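Asker: One-letter residues, chain by chain:
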Amino acid sequence: MISSIRIAARLAARNLRRRPGPALLLLLTLTIATGTLGLGLSVYGSADAAWDRAWKATDGFHVAFDVYHPPDEAGNDAFVRKMQRRARAIAGASGVVAVGGPWTHLYGSIDVAGGREDLTAEIRPPGRYPVDQPLVTSGRWLGSGDGVVLEGGLAATIGAGAGDTVTIQGEPFAVLGVATTVSRGRFPLSRPAQVWVTPQTADRMRDLGMTVEGFELQLRLRDPADASAFVEDHRPAFRSDPNSSAIAFLETWQERRADSHSDIDIVAGTLLAAGILLAILTIATAGVLVAGRMSERIRQVGTLKAVGVTPRQIVLALLLEYGAVAVVATAVGIGIGLLLAPEIANTSVTILGTPQPRLTWMQVAFVGGVALLVVLIGTLRPGFRGVRRSTLSSLASGVRPPRRPGRLSRLASGARLPIPAVLGLRSSWRRPGRLVTNAAGLTFGVAMVVVALALRDSLDLLNTQTAEAGHAASDAAVGALYDQIRAIVLGTALLLVMLGSINAFIVASFAARDGARSHAAIRALGGTPRQTVISLIVSQLGACALAVVLGIPLGLGLWRLMDGGDLPETGVSAVALLLVAVLVPVAFAAVVSVPARRLANRPIAPLLTYE
Amino acid sequence: MSAVIEARDLVKTFDADEAPVRAVDHVDLVLEEGETVSVMGPSGCGKSTLLHLLGGLERPDAGEVRLGDRRVDGLSETEWAVLRRRSIGFVFQAFNLVDELTAIENVELPALLLGVPRGRARRNALDLLERLRVAERAGHLPDRLSGGERQRVAVARALVNEPLVVMADEPTGNLDSRATGDILGLFAELRDARQTLLLVTHDARAASIADRLLTMRDGAVVGQTRLDTGTPIERVLAGLVDLGDTA
Numbered sequence: 001m002i003s004s005i006r007i008a009a010r011l012a013a014r015n016l017r018r019r020p021g022p023a024l025l026l027l028l029t030l031t032i033a034t035g036t037l038g039l040g041l042s043v044y045g046s047a048d049a050a051w052d053r054a055w056k057a058t059d060g061f062h063v064a065f066d067v068y069h070p071p072d073e074a075g076n077d078a079f080v081r082k083m084q085r086r087a088r089a090i091a092g093a094s095g096v097v098a099v100g101g102p103w104t105h106l107y108g109s110i111d112v113a114g115g116r117e118d119l120t121a122e123i124r125p126p127g128r129y130p131v132d133q134p135l136v137t138s139g140r141w142l143g144s145g146d147g148v149v150l151e152g153g154l155a156a157t158i159g160a161g162a163g164d165t166v167t168i169q170g171e172p173f174a175v176l177g178v179a180t181t182v183s184r185g186r187f188p189l190s191r192p193a194q195v196w197v198t199p200q201t202a203d204r205m206r207d208l209g210m211t212v213e214g215f216e217l218q219l220r221l222r223d224p225a226d227a228s229a230f231v232e233d234h235r236p237a238f239r240s241d242p243n244s245s246a247i248a249f250l251e252t253w254q255e256r257r258a259d260s261h262s263d264i265d266i267v268a269g270t271l272l273a274a275g276i277l278l279a280i281l282t283i284a285t286a287g288v289l290v291a292g293r294m295s296e297r298i299r300q301v302g303t304l305k306a307v308g309v310t311p312r313q314i315v316l317a318l319l320l321e322y323g324a325v326a327v328v329a330t331a332v333g334i335g336i337g338l339l340l341a342p343e344i345a346n347t348s349v350t351i352l353g354t355p356q357p358r359l360t361w362m363q364v365a366f367v368g369g370v371a372l373l374v375v376l377i378g379t380l381r382p383g384f385r386g387v388r389r390s391t392l393s394s395l396a397s398g399v400r401p402p403r404r405p406g407r408l409s410r411l412a413s414g415a416r417l418p419i420p421a422v423l424g425l426r427s428s429w430r431r432p433g434r435l436v437t438n439a440a441g442l443t444f445g446v447a448m449v450v451v452a453l454a455l456r457d458s459l460d461l462l463n464t465q466t467a468e469a470g471h472a473a474s475d476a477a478v479g480a481l482y483d484q485i486r487a488i489v490l491g492t493a494l495l496l497v498m499l500g501s502i503n504a505f506i507v508a509s510f511a512a513r514d515g516a517r518s519h520a521a522i523r524a525l526g527g528t529p530r531q532t533v534i535s536l537i538v539s540q541l542g543a544c545a546l547a548v549v550l551g552i553p554l555g556l557g558l559w560r561l562m563d564g565g566d567l568p569e570t571g572v573s574a575v576a577l578l579l580v581a582v583l584v585p586v587a588f589a590a591v592v593s594v595p596a597r598r599l600a601n602r603p604i605a606p607l608l609t610y611e
Numbered sequence: 612m613s614a615v616i617e618a619r620d621l622v623k624t625f626d627a628d629e630a631p632v633r634a635v636d637h638v639d640l641v642l643e644e645g646e647t648v649s650v651m652g653p654s655g656c657g658k659s660t661l662l663h664l665l666g667g668l669e670r671p672d673a674g675e676v677r678l679g680d681r682r683v684d685g686l687s688e689t690e691w692a693v694l695r696r697r698s699i700g701f702v703f704q705a706f707n708l709v710d711e712l713t714a715i716e717n718v719e720l721p722a723l724l725l726g727v728p729r730g731r732a733r734r735n736a737l738d739l740l741e742r743l744r745v746a747e748r749a750g751h752l753p754d755r756l757s758g759g760e761r762q763r764v765a766v767a768r769a770l771v772n773e774p775l776v777v778m779a780d781e782p783t784g785n786l787d788s789r790a791t792g793d794i795l796g797l798f799a800e801l802r803d804a805r806q807t808l809l810l811v812t813h814d815a816r817a818a819s820i821a822d823r824l825l826t827m828r829d830g831a832v833v834g835q836t837r838l839d840t841g842t843p844i845e846r847v848l849a850g851l852v853d854l855g856d857t858a
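Residue numbers (the numbering used here), protein chains in the order written: chain F, 1 to 611; chain S, 612 to 858.
Hints were generated in silico from the structure; no laboratory data involved. Values in this document were obtained by computation on a predicted structure and should not be read as measured data. From the three backbone atoms N, C-alpha and C, an ideal C-beta is built for every residue, glycine too. Be a bit skeptical, because a hint or two may be false.
Far from chain F by the CB rule (all over 12 Å, computed), these chain S residues [claimed, not checked]:
hint : residue
1    : E629
2    : E675
3    : R744
4    : E747
5    : D787
6    : T791
7    : L795
8    : G796
9    : E800
10   : D803
11   : R805
12   : L838
A short, non-exhaustive set of chain F residues, derived as facing chain S with CB atoms under 8 Å [unchecked claim]:
hint : residue
13   : I419
14   : R426
15   : R517
16   : R523
17   : A524
18   : G526
19   : T609
Just chain S, with the same shape it has in the complex (with noise of 0.2 Å):
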């Protein structure tokens, strides 16, 4: 297997009122092609700091992002947009569908932005919507659609281009358990057509679809540990560190 992703001694300090907060101290990360890894920690322990710094949505003010085998923490915010259309899907927890768009062209855009041609951006678009059983609701604005809709059209998007890994940021905080339950059906699936997946919980439900689980806190990494060995995921976290108030 080779990495997906690599960083290394990565930092991002944000300021603040009363002092610089260090929301990502010093983490090194390798994301292996067709891994799943779940990142947990406590509000504000710097875990979706993380995911966007290694999906180029911030610049680190420290380390190292490799993307296979490019160094792109470098890279200006064309280099990077042109860099996500085709290697990275975002799934967010606010679902981020762009509002004045259809289920349908919310799927298509990221091929349309790829340059794939229209005719078969919409077939692949309307294929991904079926296979996510969402279809019936392609021609409807976002806010014509329930939570757990949106959150469906939200990984067809994310998966139109067949990205070299999908990011996926607290995909279920917004959602009911009957909604969480289907979208983390939906990752296993992804997890289990060996598609890599970065996905930052709070829920240890969702933490437990991955093949390994970081557990974050101040920002820093502060443990990992295989999730593929059977163990339930409550006793791994036991064992782990005191993640407060994320168990």
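The following block holds chain F by itself, in its conformation from the complex (with noise of 0.2 Å):
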């Protein structure tokens, strides 16, 4: 076993220093895919080290307890009343070490750029408190005088800090300072806004018109890990009653970080989404590599064998070989992972402080899986077909023959198509196993465009529609995370269109090399070098072909599915479509023409003489 993989190693390395082109495509490959699961793996958890911080820093509850009602809706009262004293119960329960609140909820409006927001204004004492102590970033706390607290997250969006005025109700109020919590998602995109009043301050509001909405409870354990079992426990007692608006719910320290940062939980996921696509395309890729380093090493696969070097020693070569690669794309594309990923965290509007973009062994490892699952399912089909082939006929071996015309070639020829086109078809033919593999990179790359599309229009119409009333900035900020998230879709779009373009090139290189003699003949009868040029984009036009007719009811039935949430329903126009139909194939038969042309000026005397 171990010369085994000593042979294979040597065979492996070898190999890879002689002919480093096809690795380097693999690599450049293999790492957009790895490049793109790290980046996703790394953005996703890279707010929950500074959710914890804060966390810390503020005694963060472990058990949170909130009732919610409409206003001045009749009877809500008597279910209220009794959420109140169960929350009062369960101040007292077994493993509560320490107890914030309740503290009352006031609902009503706040100014800001470009419209109103509701509001929540938490009536606090002055003091200091054994839960949740919101940690201040400028001015001071609740203490003495009229005034209120910020949000961190309202005041970066309204741009106030300590000693300015904002509006609640139509009134002027002073800041007095801005806060940090765990126990809000940051505004803008949790909603409503947050602010801290003092009792006092909170009169003044009540007489403005704000009202009750309900409170929170805010529960500390001995220890924060019992927080699930904890609720567990006591959930039947806090269900809400199905007779009543009123909602009460029970929830973990754990369960309101998950939710804290969904911008970045929402693009992780994309990027995430993407990487696996990307992943399955390079499969494509790595596939018809191989299958081509097979055909092309036919002969010195016939050697190996005929010296005594087992199929199993060959396969094990290929795989070193290829592994090589998946484990330098896997370290390449961590490292690019965790150099882009603080550039996207940073633009999260949910992160409490500076974003720590880190990635657990358990996820390199799964970086490194996939790397390895792409490179074990591309190599080792053609590999075992490579060597399963006899040793003489290794030995003998050239270009594999063609298949009979097919019907659709003969028919072609029947059409009275130009030669080139006729040849082109005929050629196709030929590895039927290629065209497919290429048509099916091809077709993700297609939906992925049309996908992109659909979403670019759906939020063109988005940003035409006036926001709803009292979600000014929120529906900014979510039009923010929504361009975001195009700017991903149409990144993958275009990385998977030049996966596609790699796989076409790759692919039209080894057509060029099997057809190299024929289309030597031909120019040695009179075909000129435009005719082959013709001919070898013709032949892997099939693939494209086959790529558009697929990928845009691909696409479109994709963005069916994704449809729905805050999105405005909305399809891809004919025109955008047509376009995708006409210029697909026309950025594809340009990629094709550059190893059609290198065909096309090869000297054809040496192709033309018997080895």
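With the hints as a guide, dock the two chains, each given alone in a separate frame, to form the complex.
Answerer: The structure is reproduced here in structure tokens:
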């Protein structure tokens, strides 16, 4: 076994040194996938450390109990009173070591640039609290005198700080300070906006028409890890009443943390989905590359088998060769992910402080596992197919002989297509596996382009709609988040198209190599270099046509699945789809024309001589 | 008789690892209309390169090539391609049939490239395949044909546009002796029909069908003699130069 690995490793190293091009191409495509996955995973956990810091600094809650009810709605009073009694009871429950509140919440509105936002004013007596002591970042905490302390996200959105004035219920209120808490998500993605006020200021707010909307009780337990069990034990007593519009719920600190950075989670989720899609496409790249290398090295394989190297050692060498590429791609991809993650995380409006992108060993193993899986799936089939050939046939082998012309290419001959087109169609029939692999990759790319177009149209429509009353700033923040997602989807579409182009380039290069002698013969008979180029482009265009035919409906279908939520329903215009259907083949032809031109410029005499 | 091909002071050098190799060294050659000329010489003496230069598959570094009245050594790739359609038919040792096309499609291909209507091209191709006794294999792909059948198809393909000259590079080098006899019989028929032929070969039997024999060594033409005098080729070869491994 050891000697097998040693021989395989030596073969792999030699092949990598002798033909670094395909390995570099695989490294590039695989790194795009691992980089996107690494980025998504790094961004995914980047808000947790900052949240944990704020949670510790503010003596954050372990369990929160909240009751909300629409203002002035009859029938809720009895339920709210029952919940208040239960809140007092749970405060004395076993395992509770500190209690904050219950804090009464008033509902009103605050003026922000561009409109008005729903507002919660949490009433707190001046002083220190055993649970959830908001962390003052500027100015001071509540004390004597009238005024409000702004939640950090609200202060950032309206650009106000200590000493400024904000307009609540149409009246000016002095800003005493700005503070951060984990008991509420950051405005504007977390709504409503929040301020803290003293009972004295709350009285003034009541006079201005603000009404009680509920309360929150905050508990710290002996062990924060018990929060889930504590909530499960007490949940039955704190259920909402179906006969009341009031809502009551218990929540653990872990649940609140998970909900606190929705924008980062959405961005990270989109990046992860993109990474997986890219990884799937990279399987096609690996498959095409390995199949091409195998057909190129079939004689070498025959020679190796003739001198006693076993098929297992040959496949092992292939796996080691591309496994090494997967390891490098994982390292580079994770490096890229960690490097770019802070830039993306910093655009978040929900994060409590400085983001700390990081990857756990499990996440690194996941990225590496995906890279290895891609290589494994891409390598095994063509590898085994290559080594299954008999030694003699491998030694005697040239390129694979063509199949009998299919019905389509016979029809093409009958349809009096130009000769280069007929030859192209015949060539494409020669390697149907490559055609399908190529088409599969491009189909993903086209589908994502369609999704990106639909998303663009939908977001454009969203931007033209008037913000809902009381949601001015939060709608703008949601819009910014959607813009970010649109950029990721568009970027993914471009990467998929790029990967599709790389696949097309590789397949066309192998097709040029396989057909070099035939094309040289045609030129010796009077075929022009231009006809060679056209023939090779036509031989590859089938994959692109298939991708357009399948990719557009696939993209529209994906968009229908994704559609919903806050996005206005919209389709993709026929003009845009037509442009996709035209431009994708044009771009594809431009990519394929590179190896085609190279083939057309090759001197033909050496190709025609007998080896 | 007029010259179909004329080469003057033709030179071709290839880069090699140690030093440049002069494959064709100041060669002069005239091929008259209806004449069959064989070129013999040891491996690497430059005879295939000479054929490639005359057929526009390679470009000379110096010298002049004329096809009929036209100087052609400076033509572009595309101009050469168009010229070959009408004027030159190639037969190669490795057959070089287009793998994707059936035998009859291979034969009609030069005609279609020339712009001959499909129906006429197909009829001409079938006639030629019948003449060359391979019509029953017309619908087969090249990899389903024997070596002799492939070379017959290649000869048919070379003839389909009735070219000024047929250039054959080791046409029997890849065939067994029976197929070799068949193909040489075909070339003899072409010679008798006054088709202009340029034949590069190792094989004295193949060379013997020519009207004139050129011998090459180290890129240069070192001798020539007429073969239509009835003298056995072995005696001709012995009297010319030491041809090394060709004899």
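Asker: Indicate, hint by hint, whether the structure satisfies it.
Answerer: Results for each hint:
A cut-off of 12 Å between C-beta atoms confirms that E629 (chain S) is not in contact with chain F; the least separation is 19 Å. E675 (chain S), annotated as away from the interface, keeps every beta carbon of chain F farther than 12 Å; the closest lies near 19 Å. No Cβ of chain F comes within 12 Å of the Cβ of R744 (chain S); the nearest lies about 22 Å off, and the non-interface call holds. Listed as a non-interface residue, E747 (chain S) keeps its Cβ farther than 12 Å from every Cβ of chain F; the least gap is roughly 17 Å.
The beta carbon of D787 (chain S) is kept farther than 12 Å from every beta carbon of chain F, the shortest such distance being approximately 15 Å. Distance to chain F confirms T791 (chain S) as a non-interface residue, since its nearest Cβ pair spans about 15 Å, more than 12 Å. Look at L795 (chain S): its CB is around 18 Å from the nearest CB on chain F, clear of 12 Å, so calling it non-interface holds up. Look at G796 (chain S): its CB is around 22 Å from the nearest CB on chain F, clear of 12 Å, so calling it non-interface holds up.
No Cβ of chain F comes within 12 Å of the Cβ of E800 (chain S); the nearest lies about 22 Å off, and the non-interface call holds. Non-interface status of D803 (chain S) relative to chain F is upheld: no Cβ of that chain comes within 12 Å, the nearest being about 25 Å off. Interface exclusion of R805 (chain S) from chain F stands, the closest Cβ pair being 23 Å apart, more than 12 Å. Non-interface status of L838 (chain S) relative to chain F is upheld: no Cβ of that chain comes within 12 Å, the nearest being about 25 Å off.
Of the supplied interface hints, the one on I419 (chain F) holds, with its beta-carbon coming within about 5 Å of a beta-carbon of chain S, less than 8 Å. Look at R426 (chain F): its Cβ gets to within about 4 Å of chain S, closer than 8 Å, so that hint holds up. Contact between R517 (chain F) and chain S, as hinted, is supported at the beta carbon level, the nearest pair being about 7 Å apart and thus within 8 Å. Restraint check, R523 (chain F) versus chain S: the minimum CB separation of about 6 Å is within 8 Å; hint holds.
Of the supplied interface hints, the one on A524 (chain F) holds, with its beta-carbon coming within about 5 Å of a beta-carbon of chain S, less than 8 Å. Interface hint at G526 (chain F): satisfied, since its Cβ lies 3 Å from the closest Cβ of chain S, which is below the 8 Å cut-off. A distance limit of 8 Å between C-beta atoms decides the matter here; for T609 (chain F) the minimum to chain S is near 6 Å, and the interface restraint holds.
The structure meets every hint from the earlier list without exception.
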